[in-house]
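Residue numbers for the sequence shown follow UniProt numbering, so the first one is 1 and each next one is one higher.
Since the hints were derived computationally from the structure, they do not count as laboratory data. If a hint is listed, it holds; no wrong ones were tucked in.
Cross-link-like lysine to aspartate or glutamate pairs, in silico, EDC-like; alpha carbons within 20 Å at most: (1) LYS14 x GLU58; (2) LYS14 x GLU26; (3) LYS20 x GLU65; (4) LYS14 x GLU65; (5) LYS20 x GLU9; (6) LYS5 x GLU26; (7) LYS14 x GLU52; (8) LYS14 x GLU44; (9) LYS5 x ASP36; (10) LYS20 x GLU44; (11) LYS5 x GLU52; (12) LYS20 x GLU58; (13) LYS5 x GLU44; (14) LYS20 x GLU52; (15) LYS20 x GLU6; (16) LYS120 x GLU109.
Here are the in silico distance ranges between beta carbons for each label pair: (17) ARG117 x GLU65: 27 to 37 Å; (18) LYS140 x ILE13: 53 to 63 Å; (19) ARG134 x VAL16: 50 to 60 Å.
Predicted, not measured: the structure shown is a model, and the values here were computed from it. Positions of the beta carbon are idealized from the N, C-alpha and C atoms, including for glycine.
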Amino acid sequence: MYGSKEIAEILGIKPVTVRKYAAALEDAGYIISRSDSGHRTYSEVDATVFRELQVLCERSGMTVENSAKVVASRHIGASATVAPAVVQQQTALMERYEERYTEMMGVIESLREQNERLNKRLDEQNNNISVILREVLNTKKMMIENNRRKWWKFWDKRDPMIGEPDPEQVWKEKQERLM
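The whole structure should be built from the sequences, with the hints applied where relevant.
Following this line, the structure appears as structure tokens:
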């Protein structure tokens with residue numbers, strides 16, 4: 001048997017949240033055993049019920065009280081004894097919450113699948129944008145290089161990287177020698 005602190009450590013929540021979950025489950029008809037001094041004691045089954053309640057609250061967005069009703073309706077047979085009046089009064093409500101829970105879980109799953117598809121599509125678009133950006137930058141570099149060259153170098157077949165003399169400079173030097 002566990003106390004509130006141990007269950008809180010198992011679930012990764014605060015002890016006050018465990019007590020809130022326990023109160024909501026007890027209001028929904030789930031029986032939690034108590035020690036001789038009146039403190040709640042929890043079993044492994046209770047820890048499982050708390051985990052299910054925690055997940056349902058996080059994923060569905062339902063209140064703790066409504067989620068507790070859904071979870072309690074699933075696990076009432078697992079707890080000790082339940083007052084028949086409580087079960088009969090809330091059976092219709094619990095069935096409605098059960099249906100709603102099933103619908104919500106379906107919606108959550110479809111949203112998860114849609115999110116995965118969108119992430120794939122965004123990754124593809126990012127890759128395409130990167131390729132286009134590289135092409136644009138390369139084109140820009142080539143345009144800058146072409147603007148630096150003299151207009152007549154378009155016709156010059158010599159490679160400027162080899163270190164061949166500039167024909168314009170050679171012509172100017174010849175003109176200076178002649179003068």
